[in-house]
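> Sequence:
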Amino acid sequence: MVMLLTEDSTGPAPLLAMAGERFDRLMTIESRPLSGGLPPGLVVPMYEICRRHHGEPLSTLAARALMSRVVYGDNVIVATGAGVPPKLPQGETDGPPGAAVLARAIALGLGAQVTIVSEEAHSKPVEACAALVGSSTARPIKVETIPPHSKYGPKAVEALMARYQPSAIVFVELDGPNPDGLFHGVRGDRRPAGTMAHLHLLAEAGRAAKRLTIGIGDGGNEVGFGAVRTALAAFHPNSFVVTAVETDVVVSAAISNWGAYAVCAGLAVGIGSPDLLHNDTLEGDLIRACVSAGARDGATASTEPLVDGVPESGHRGFVSLLQSIVASSSSEPGPDSSSRQRSREVTS
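For the sequence shown, position 302 (counting from the first letter as 1) is numbered 302 according to UniProt numbering, and the numbering increases by one without interruption.
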């Protein structure tokens, strides 16, 4: 069993742990459509495997890791991007909204400069989401892209690590290769050679440099699940899709955006600032902006405002419920709230 990654950690405070149980229960409601080919019945078993691996609520484990490893002024990278032509030529709607909301929470709550990294073909949806959340942060959320193909990955990742020297790297719905180096969707479809930007190499580079790495996903094929690959592949109906790429913390959710939002909720409670979680209005704006910029629903390839087959109203409802849990868990400021708030005031 792997616990949190810092020498000074003694486990989550009781209030944060209780909130984490609620966030995790909410983020693992299986809600994707039964039609469309997405394998049903994966969400809870996948979560349970990751939960046994870590030994505590996943959402607040990731939040605690960020709070303990990221200090004011640090650089943080959030990487996202799933989907290839012909159905998803500019990526899918699961990923960019979650990456943007998490970037916002890290920037506001921890005082970090956050850069979202994606592949070139997904740039417009990612930029649209980053622009929406960047208006509320002291410094804009930057976006960088790298081209597809394995020949560009190593140098691009080396340059990113040298330029930003991030204290943490978070992956939200980013495909990772299996042990044979092949990329797949959760349905078992193989990504054609040369169509993937090799952003998964950021996880390897981050771990080698002893930087915090967090993977957030929903199908087992995303960066992070390599940490539990043996257990996950034993029951996954498409075991060959399970990635070999590990992260220090892996957050398994019904929808990757939801996992990112749950981590934001953990930051909101841990820091004592409920406004670190976005509201349902911004959620709707993010989904629609993502679609308008070219992203499509990953479950149906529809250009309607859907994420993994769930309509906008469902995601807005999820965020509203998450907000209510944050409010009921935030009666007292968190232990870091005073110092964090001072950092936020300095940048306002």
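For the record, the hints were derived by calculation from the structure and aren't laboratory data.
Every residue, glycine too, gets a C-beta built ideally from N, C-alpha and C.
Worth double-checking, as some hints may not be accurate.
Claimed, not checked - Subject to a maximum C-alpha distance of 30 Å in a straight line, what follows is the list of computed DSS-like cross-link-like pairs (lysine-lysine):
id, residue 1, residue 2
1, 87, 124
2, 151, 87
3, 155, 87
4, 155, 124
5, 151, 210
6, 155, 142
7, 124, 142
8, 142, 87
9, 210, 155
10, 124, 151
11, 210, 142
To be verified - Simulated restraints, written as ranges between beta carbons of each label pair:
id, residue 1, residue 2, range
12, 328, 192, 19 to 27 Å
13, 279, 139, 39 to 47 Å
14, 301, 147, 22 to 30 Å
> Are the hints correct? Go through all of them and say.
Hint check:
This hinted pair checks out: residue 87 and residue 124 have alpha carbons roughly 16 Å apart, not beyond 30 Å. In summary, the hint linking residue 151 to residue 87 is supported, as the alpha carbons are separated by about 24 Å, within the 30 Å threshold. Distance hint between residue 155 and residue 87 is fulfilled; the C-alpha atoms sit about 29 Å from each other, no more than 30 Å. For the suggested pair residue 155 and residue 124, the alpha carbons sit about 23 Å apart, so the restraint of at most 30 Å is met.
With a C-alpha separation of about 25 Å, the suggested pairing of residue 151 with residue 210 holds against the 30 Å cut-off. In summary, the hint linking residue 155 to residue 142 is supported, as the alpha carbons are separated by about 20 Å, within the 30 Å threshold. Only pairs whose Cα atoms come within 30 Å are accepted, and residue 124 paired with residue 142 is accepted, the gap being roughly 13 Å. Of the supplied pair hints, the one linking residue 142 and residue 87 holds, its CA atoms being roughly 27 Å apart against a limit of 30 Å.
Simply put, residue 210 and residue 155 have alpha-carbon atoms about 19 Å apart, close enough for the 30 Å limit, and the pair holds. For the hint linking residue 124 to residue 151, the alpha-carbon distance of about 23 Å falls within 30 Å, and the restraint holds. A C-alpha spacing of about 23 Å is found between residue 210 and residue 142, which places the hinted pair at or below 30 Å, so the restraint holds. The hinted range of 19 to 27 Å is not satisfied by residue 328 and residue 192, whose Cβ atoms lie roughly 47 Å apart.
Our hint of 39 to 47 Å for residue 279 and residue 139 is violated, since their Cβ atoms are close to 22 Å apart. As the Cβ distance of residue 301 to residue 147 is approximately 23 Å, the hint placing it in 22 to 30 Å holds.
In this structure, the hints that do not hold are numbers 12 and 13, in rising order.
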